[in-house]
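Peer 1: Go by the hints and put chains U, A, R, P and W onto chain E.
6 protein chains.
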Amino acid sequence: MDYIGLDEFILSALKEDIGTGDITTNCCIPAENRSEAYFLAKEDGVICGIDIAERVFSLVDKKISLIPKLKDGDSVKRGEVIADIVGPSRSILNGERVALNLMQRLSGTATATAKAVSAVSETKTKIVDTRKSTPGLRVLEKYAVRVGGGHNHRFNLSDGVLIKDNHIAAAGGIIPAVKACRALVPHVMKIEVETETLGEVQQALEAGADIIMLDNMSLELMKEAVSLIGGRAVTEASGNMGEKDLLSVAKTGVDYISIGALTHSVKSLDISLKFRK
Amino acid sequence: MDYIGLDEFILSALKEDIGTGDITTNCCIPAENRSEAYFLAKEDGVICGIDIAERVFSLVDKKISLIPKLKDGDSVKRGEVIADIVGPSRSILNGERVALNLMQRLSGTATATAKAVSAVSETKTKIVDTRKSTPGLRVLEKYAVRVGGGHNHRFNLSDGVLIKDNHIAAAGGIIPAVKACRALVPHVMKIEVETETLGEVQQALEAGADIIMLDNMSLELMKEAVSLIGGRAVTEASGNMGEKDLLSVAKTGVDYISIGALTHSVKSLDISLKFRK
Amino acid sequence: MDYIGLDEFILSALKEDIGTGDITTNCCIPAENRSEAYFLAKEDGVICGIDIAERVFSLVDKKISLIPKLKDGDSVKRGEVIADIVGPSRSILNGERVALNLMQRLSGTATATAKAVSAVSETKTKIVDTRKSTPGLRVLEKYAVRVGGGHNHRFNLSDGVLIKDNHIAAAGGIIPAVKACRALVPHVMKIEVETETLGEVQQALEAGADIIMLDNMSLELMKEAVSLIGGRAVTEASGNMGEKDLLSVAKTGVDYISIGALTHSVKSLDISLKFRK
Amino acid sequence: MDYIGLDEFILSALKEDIGTGDITTNCCIPAENRSEAYFLAKEDGVICGIDIAERVFSLVDKKISLIPKLKDGDSVKRGEVIADIVGPSRSILNGERVALNLMQRLSGTATATAKAVSAVSETKTKIVDTRKSTPGLRVLEKYAVRVGGGHNHRFNLSDGVLIKDNHIAAAGGIIPAVKACRALVPHVMKIEVETETLGEVQQALEAGADIIMLDNMSLELMKEAVSLIGGRAVTEASGNMGEKDLLSVAKTGVDYISIGALTHSVKSLDISLKFRK
Amino acid sequence: MDYIGLDEFILSALKEDIGTGDITTNCCIPAENRSEAYFLAKEDGVICGIDIAERVFSLVDKKISLIPKLKDGDSVKRGEVIADIVGPSRSILNGERVALNLMQRLSGTATATAKAVSAVSETKTKIVDTRKSTPGLRVLEKYAVRVGGGHNHRFNLSDGVLIKDNHIAAAGGIIPAVKACRALVPHVMKIEVETETLGEVQQALEAGADIIMLDNMSLELMKEAVSLIGGRAVTEASGNMGEKDLLSVAKTGVDYISIGALTHSVKSLDISLKFRK
Amino acid sequence: MDYIGLDEFILSALKEDIGTGDITTNCCIPAENRSEAYFLAKEDGVICGIDIAERVFSLVDKKISLIPKLKDGDSVKRGEVIADIVGPSRSILNGERVALNLMQRLSGTATATAKAVSAVSETKTKIVDTRKSTPGLRVLEKYAVRVGGGHNHRFNLSDGVLIKDNHIAAAGGIIPAVKACRALVPHVMKIEVETETLGEVQQALEAGADIIMLDNMSLELMKEAVSLIGGRAVTEASGNMGEKDLLSVAKTGVDYISIGALTHSVKSLDISLKFRK
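Residue numbers (the working numbering), protein chains in the order written: chain E, 1 to 277; chain U, 1 to 277; chain A, 1 to 277; chain R, 1 to 277; chain P, 1 to 277; chain W, 1 to 277.
The following block holds chain E by itself, in its conformation from the complex (with noise of 0.2 angstroms):
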């Protein structure tokens, strides 16, 4: 990950967690033991966030080494051991809460992107999620869902350009929308419209959209709109797809489903720390 704030979060969430210091450990553990100690996973899932773990440890203390087991991706079964940590004693228990806080609620993203994208692997269909993402965790969690098999939809408002009704109401509509858009915006980016109508469908075909979103649309109204669509543009599902029948949805032919879900409402993954000694 070529993620240039990482350690800077990292160490925010350290200082979140250990506050003025770990007064239980400082107590109970000598500065000089060491243990030897293990991620394990609860239960079945895709793994993610072990070099954040790994980064973690470092952060707190150079002397841990964690040797991974398996690598971000991989499935991982309940009872399977996802890294070894070895180290001062103190320094595991001080990085241990922020470690796994990151590496489940990842590993809980990554396994619902692979779940979803296992739903539809019998057709081209691509899931890709949303900004409804945690505050501050973005990069993370994107990154998450790449590892599940799934895509990036933008990063943010500046890096691709969505037009959605209040801001075609406010141009004047979807055409003159799109217009001031492939006007004045970068020309590396595509232009992607919101329609929730076989008529908003038709206005972006005509504004010579790049993307059509399909929004909260039935199943019947999708397929009728991908047809009309006819691959004169990428064509994407979206509205709390995370509750509906991923395949269906698929089968309409769509290019993209889009699931806010995927980063909104994640089960993190069972996983714990073990000590050995």
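No wet-lab data here; the hints were simulated from the structure.
In this text, all values refer to a predicted model and were calculated from it rather than measured experimentally.
EDC-like, lysine to aspartate or glutamate: derived pairs with alpha carbons at most 20 angstroms apart:
| # | chain 1 | residue 1 | chain 2 | residue 2 |
| --- | --- | --- | --- | --- |
| 1 | R | K63 | E | E54 |
| 2 | P | K15 | W | E8 |
| 3 | E | K274 | E | D51 |
| 4 | U | K244 | E | E43 |
| 5 | W | K63 | U | E54 |
| 6 | R | K62 | P | D61 |
| 7 | A | K15 | U | E8 |
| 8 | R | K42 | A | D165 |
| 9 | A | K274 | R | D165 |
| 10 | W | K42 | P | D215 |
| 11 | P | K15 | E | E8 |
| 12 | U | K274 | U | D84 |
Peer 2: Same frame as chain E, but now just chains U, A, R, P and W:
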């Protein structure tokens, strides 16, 4: 909320979501346009984060006003308006996603907490959170737990003592571990000991622990432990409580049930921002 | 400008320039003195940075008012007043240099951009910037390019795809490189390929590149390339364009000319702050 | 360079340029690829920033080595290799633009300074910079001035006293202004007074100014001023010196010539990063 | 010390002391010079901050080695060597002042604490600190108190409950105030109540306070209060203790004496850095 | 005070003291309660930090008003009211400790300075501070020295030249050291040389030093040195001056006496915050 770091947190969330500028909005919507919008609940739950959403908008643009229709902790029904937002259209769109991402997550935690609190309401047992929170959001998530009617366990490793198996092993037993902490930690803090067997409970009692955590015990064992303790220490049930029958656990007579899932595996409450014009 | 990081940037510029305090001013000028001052253009150009200068003064002291006489993008003549500044004399002097250093540089970029835009105004070719900007000032400098009538290329390595020779070599050719990007980058992005020969242009076309950069080509070669492409991809001329005859380049029919010198080699516009009393 | 803030500055420049990740490189180039590259001068000049470029690469990836062929302050000829860079291909590409943007700008300033120094080399006059530097880059740009053979004026408003017209007006004249400063500023500092007429020069002398700035004077007037001062104060010529005949100015006998253009209007030195394989 | 913010704190102290560079050293001492130096105690005391000094030098320059001759908490005699420092001369001089400023202050606090601890050593009374610490240095100063043999009171307003007169007045009395806290604060915390009269002590006992602070009481009154409490709560004497006869206070039987002067009014221990060559 | 970093410093002090929230206050005091309070001097001294305290409260809560009864630099008598504070009770309690910790320390420094200034008031000698300040508080502490009637020595290593024994040794003597500095440091700075013997004083004179520090000299030796210098350089007495008879030192005729103890060993002025209701 007297949270000194709130502005810094929100500004960094806004940077993450806005990047170098909202290019779609800047192309489509004139700078002088004004909008009236509102937050709409799309499912039932307990609302949390209204003041935080107001602060988000205020940091984007002082000219935005948020007029709350509810306050944090209120129950909300699907279809209910949570707050009105009035101001420059561009600014409302700039802050929309961060406000929603925060309010949805925190309302998710408040709602899950309220459910847990309600499940044990016929007993005297209180619901508490854990350190299994989202990195960067702990103060906010623990606030959401309180808003949902729950209580907070320690915020971090420095403001509470919790003696776990590694501490016990390193210190040479529960009694020396408690003694070591009692001698060194600030006298304003209680000493909590994690136990898994009745033998450990007995030692914790002898050591004079203020709080005894009953970790991963069966209901039967927990009942025996509570009886053995007999009010000589505060009791806390722990261990994947999210999946258990909370009322049965409460009926064992424990004082507190701590639930990691309140913060590590939360379904966001479905809320959206709608524009009136 | 919806630039969330602006205040932080200005505060750090003020710290850099003020250090531990403006000792000369504090010795000579009573705290209660007030001044009326104005920004005076000392040469012709396009003005940029008035709102930023206002924000500089406002962060120094809320009691300063800046009254703009022009707005960003306006042409200014030598001797023209750009804005009035009224407030505590000490505070005006504290903010003077940072306000000028920013406004002069940004006006320099806006002026250079306007010259380039004007040079090709009889064609449909657009002027775009590059990533050759001043570290720390990219968002501001790219804003100045837009203020001068130019367009923005990608802001950074994450919001645009540009396949260069190293990428091509590593991927095993233009076609596999484009394919690899198409498969993995967010679907909201176009794919741009850098080419130096007609052979490479041909491959880029076959690969389905959305944008083809014609790098360091002679006018003749560029003309052939544009003709070969025949509208099947957007074209962008690149390569030390600051020193070339822009109109001749534009007349080859390219859609965009990217010019690094707009941000890396700019003569600041001569502006000074004068005091009326 | 003992510049404590250097890492923080470079990291923020890298964040600005890399954003959430170099998507093109990540798609095209395998993580394990290694490259050998080098910085190539594409025009003559004085090189500055080699150690800074090394620090850039080192902050991107500790596995990159930069082997300098020249050192800061060396003259470089078009076609000369400045340094070799060896390491992971992805990391070299991640750091390339920031390293170049810094080295090109700083070499531009060093080169311009060397030209000015050379222009007056037959006299005893020294070339100094001003506070007209790029916000955020002052320490680096003033370093480049020294590398080019120039000297530094004060770094900020707190480490040097410069009494200008507004100070004089508010204090009630040059003599009371100098007196006020002498009484209050740290005794380790000299007092400089800006003058535009011989009358003001005379007052500055009477006030006991340590340094007298001759601002915007004609050559003739400057000569008279230097003669009037007669060694009783250090002299500094100032006022759009970038456009003047520096040797003629130097021959008036002034001790220093301060030139804002060394930092506010610099042409970057043309350097590129080439890959051997 | 497991203090996550230590590096950030030291870097900011170095920036404060070095500014834009140590100009004297850079002019006089060649970059390649190396020195051997040592910290010399110039008066008797308890040393504190050796590891912190090492970290200061390490953040200035990894090539500096600090070889401790003593460890934190050791008594030191005038004329004793505390540690050797070996490395580049410039870097040692760059870090000298910050290292000394920290070590001298912390040793001052450790020494004052050790004196207080010694004064009451024939009793069971413990010495604790307060929140009257230097802004920015609390974690370090509380560490110094522990190093001197003292104990820490709460670190901040969130990790300990201390009910004072304003809280009591607003809550409607000691009993409702304790009840309100007991109901809402994390169960890992004890409740402390500040009292000034025996009546208040009596109410605090009835309220079930865990700790009773005897604030500004005469020795006689304190003795009565301790007797009234009779072991039913922990007792803490408070109120300008720095000026009192600590042994007499301790002999009243209080468990803790809190002394603000340990951190708010400390004489730095006299230490200097000497160069061997 | 034109101190750009003040808000950042105060916010970080508030975070340090408030942690995750003032739990006692939040439990006991309703959010809508308002209080009237005042700062009360509990001993005589010179007050410093009123504006800073106001800024502390204003950063906690804009609804707090501080109404000063005195201004920085005023003498205060035990029992005198320094300022009134009116606003929400919770917010006043949140800011109380940080405001006091700052104001007490700074008033301590101002008071100590005023005593030193007074001790030498019959002479022309001025009192100056040193770099022996508290890390993080230098700008504030040096402000307190000015408020107490003292003067500031250099703020850091970059805004003043002070040639000490190590510099002299490395440069090969006082004369080459002064020459090296004169050639390279900004011409706005004076050159100060530390001397311990008459021989060194003689060399410093020959080298043309602007300021000669007389370090750790006996009164007799100092008198001889002052006489030898005979007004050809500014003189500064230094060396544990806190413990010496300042008037005797001043009577040797030195221009400045620098006293580290003004900032490194200060007794805080006793001030408390009292509530009227």
